[in-house]
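Participant: Sequences and hints are given; from them, build the entire structure.
So the protein sequences, as listed, match chains R and H.
With full-length UniProt numbering, you'll find the first sequence wraps up at 639, consecutive numbering, no jumps.
With full-length UniProt numbering, you'll find the second sequence wraps up at 351, consecutive numbering, no jumps.
Think of the hints as simulated: they come from the structure by calculation, not from any bench.
Each hint should be verified, as a subset may be incorrect.
List of simulated lysine-lysine pairs, DSBU-like, C-alpha gap at most 35 Å [claimed, not checked]:
1. H:Lys337 with R:Lys513
2. H:Lys338 with R:Lys522
3. R:Lys148 with H:Lys70
4. R:Lys513 with H:Lys338
5. H:Lys70 with R:Lys513
Partial list, computed: chain R residues near chain H (C-beta under 10 Å) [to be verified]:
6. Gln52
7. Gln64
8. Ser181
9. Lys224
10. Val231
11. Thr241
12. Tyr514
Everything numeric in this text was worked out from a predicted model, so none of it was measured.
We treat Cβ as the ideally placed atom computed from N, Cα and C, and that holds for glycine.
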Amino acid sequence: MTDPNVIIDPVTRIEGHLRIQAYATPAGDGGTIGADVLVASTMVRGVEKILQGRDPRDAWAFTQRICGVCTVVHGLTSVRAVEAAANIKVPKNADYIRNMMIGAQYVHDHVMHFYHLHALDWVDVVSALTASSSETAALAVKNNPTYKPNNGALPTAAYFDSIKNALNSGLVSRGQLGFFSNGYWGHPAYKLSPAENLLLLSHYLEALTWAREVVKLHAIFGGKDPHPNVVVGGMPCSISTNTGSISERAGGTSLNTAGLTIAKNAVLKMQQFVDQVYAPDVRLLALRYSDWAKIGKTTGNFLSFGEFPDPTRVKTELTDGAIDYPDGYILPQNVITSPNLKTLVGFDQSKVTENITHSWYSGSDGVHPSAATTDFNYTGPAPDPEISGKPYMLDPAVKYSWIKSPRYNGKAMEVGPLAHILIMYARSLTTKALPTDKLVKYYVDRWWSGSTASGGLGLAYEDLNSTMGRIFCRMLETKIIADQMAGRPAVSAAGVTSFTGWYNQYYANRTGKYFNPTAFAKLASYATLPDKVGFGFTEAPRGALGHWVKISRSTGMIENYQCIVASQWNAGPRDGASPPNPGPYETALMGHKLARLNQPLEVLRTIHSFDPCIGCAVHILDPEGKPLVEVDINHATRC
Amino acid sequence: MVRVLGYFRDGKNFAEPVGEIELDADTEARIAELGISRRGLLTSLAGMASLMALPQSIIPAMAQTVVSPKKPSVVYMSFQECTGCLESMVNSFAFRGGASIENLLLNIISLDYQETLMAAAGAQAEEQLANATATPNGYVLVVDGSIPQIANSGFFVSGGRSGVERFRAAAQNALAIVPVGTCASFGGLPKADPNPTGAVSIRTLMTQLGISKPLINVPGCPPIPEVITGTILYYLTKGLPSLDSLKRPKIYYGETVHDECYREEYFEDGPRVAVFDDKAARFGGCLIDMGCKGPVTHNACSTIKWNQGVSFPMMAGHGCIGCAEPDFWDRLNINGKKGFYQRLAPGSFDD
Ligand code: SF4
Ligand code: SF4
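Facilitator: In structure tokens, the structure reads:
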């Protein structure tokens, strides 16, 4: 092992704890990262181990805390797994609300990722402060012509003056840059003009205000955000019989007239912000940094478990469920393999394996997650060099991460927005194309592949597999989902008619059922439960997420619980193959050229383009070694 | 005891409109120098005062702090956590924008280290941490997440240092330590049975390391955003608030959520929810039979409420899971059973 000359630890502006080690040659400014790169997670909690022996109805609350950023998806994947294990069907309203909660999670998460976790890799804050306010106002009117953050009016020079002033008086003039301290300001890889920097920085601030408005949707249906409440068997919320305000005398629930208006406004605000701010900003960024469509590609293998069932397909409430009609899923359940980025391949759950050759676990390697048995086995270097007397350095030849490496058919797969968009585009070319697939094709063809003269980026479809492609696809799927919730007009050029949106569909059905009253009773008569493993899945904002649960038929409690999590697919270490297949993060970083060796901004750009969520990626299977022998592949093999 | 009056309780802000407030000449001069709106500042401080359940007479002192040439420094470190606590803090809001996260970040505190938001990474982040924690009594240390007790277990390493050593170094010069969330306050999820990584709370670790500093626990999984920012602001303005035996500020944790729950009316005589979405559920009946832990949970959910006061767990129909209490993941309920849908054991609370 060559001593790494690029170390980023902690990687900041992500969820969780991550370390990157790499070697750039020549070993100075302008060096290029080689194949030795490793990405490691250095924190573990053991959530799955904690779940053994618990009430399966409680599992959602534990798994939610795997990650407070994508909290909703873990909670709902868990209830779906338990529902699958006990054959519990949920009412339509539960699926509408779950769709909206996951949808709101996508929009909230993706917008905040872009502005608060990723933008500072592209936006130079110090340059922004030198911008001319009137120039910025002119740019704002051109780039975001319908966005009116200035007390309901378009931004003016005075508006940008006040933003610069707030930054100056709050941070600069006091010599306290706070969370902006020590950034790579002035780095040669920053390319935006001062006005462009200031415009995006103003949206950084506006997005904070916006974000706490839109998560109100989670509070109305789930009581709070982060970590809203969900329940096995449906949703725990109910329509209020008191439509006026709640009180000690009149009672009521948050699903009263006021609450439903708040939820509706949240849905509309999401759609507005995406159309007016997020989408044009990403297109501006992609235009200025289009060279990043040639950097940061992975092996070209993509996977999606599928998400957003269509509740209107339910034939009989409580005997079948939207989840049983996967061909209506907005995000398909499919695979794409290199080099055929436009060809859909069916997904077969039995081809999933977990590898621990380079992960700090002992146990079986390269087997299906339902049969894997592992335990903690920390063989890494001792931390605290001042105590151990040795530098803390990870070695790619041995174990080096708390993340395991899932593989599909032996291959490392990229999951997340890029996978979603490629798979939807590929489905748009088939007879099973949904309207949302056609819209994806329409926008990719116009905004990405269209000529720069016509407002596109003039980039090849294959170039979506890149750092900039990930950013673009994240934005595009956010738009598709925001429109799906709020409704959208017809787009005749794409051959798509108008859609009323999930909120309105739910609203029309709001007095219907929210919960299956037999759900808890079924779990209580555990001796009669089917002898199978429940598989629950979602597509989280960061990609394919699956939970497996085995409920004991002698105690009714959880016998075993396992998760394969989105970021695990992307962030996992090398596998045990010879030669080893690196994980997608590692593959994507190879070949990055660093303008300044001690300011590895380029590495951050690509790592952040994946939106790392490391709390999610780290988990442990049952150490007692109780393999899950039978897996319900019912929900996994369709489509 | 001072109580949070629930400034959203009846949809109104309980802070009175600001009348004439006299500020000292220096403060006035700083306001002019910084070019900020005097009126905007005072109204936003009034919002913050109400958040901290403090009278308006505190406003001049607060104004002085806020415009002082140096903002108080806050170092926020994360250990075994899920980022839910930070997500919650980012939702922070107060009437008239007082303690909104934007205002907090720009005008009120200097957030000198926070891994999820900070621009710097890697070596530059580590350098920033070293700088931010260099001055004795120079900063308030906010912590989320529990810490594995055994330093070289490998269960938590960041920047090449174990959680224990990273915390020890950062705690050394702190003015006060504020564990945010149930993980940091009491061990939380990582410590849930069988505690696979040997996780402990910040208070336990401080005892182990012999660190004695003012400590304010802000539990909740996650805590209510305004409780996080309100506690920090209170400390910066007035010093330590009055704490209970678990080191929680009484202004926010003095009552149980049951005490102020609007469904408390139906606790005795019903209606009570028996199955989700039944008639009583649609009416908004008491959730005690669904396992609600409200009567044993100290928090401000039913007064301040969540997400700018639009709802809270019981209002949306699910019982309280007790997330602000120590070891709530392992609470034993009726018949000695764990579980969020198990009724509280008889005698575990005063009816
Ligand atoms: S207290 Fe809850 S929200 Fe906060 S870090 Fe722990 S698990 Fe996450
Ligand atoms: S038991 Fe729960 S629902 Fe009933 S009054 Fe108390 S806190 Fe409210």
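Participant: If a hint holds in the structure, say so; if it doesn't, say that too.
Facilitator: Going through the hints against the structure:
no.: 1; hint: H:Lys337 with R:Lys513; in the structure: holds (30 Å)
no.: 2; hint: H:Lys338 with R:Lys522; in the structure: holds (19 Å)
no.: 3; hint: R:Lys148 with H:Lys70; in the structure: holds (34 Å)
no.: 4; hint: R:Lys513 with H:Lys338; in the structure: holds (29 Å)
no.: 5; hint: H:Lys70 with R:Lys513; in the structure: violated (56 Å)
no.: 6; hint: Gln52; in the structure: holds (8 Å)
no.: 7; hint: Gln64; in the structure: holds (8 Å)
no.: 8; hint: Ser181; in the structure: holds (5 Å)
no.: 9; hint: Lys224; in the structure: holds (4 Å)
no.: 10; hint: Val231; in the structure: holds (6 Å)
no.: 11; hint: Thr241; in the structure: holds (5 Å)
no.: 12; hint: Tyr514; in the structure: holds (4 Å)
When held up to the earlier numbered hints, the structure conflicts with hint 5 and nothing else.
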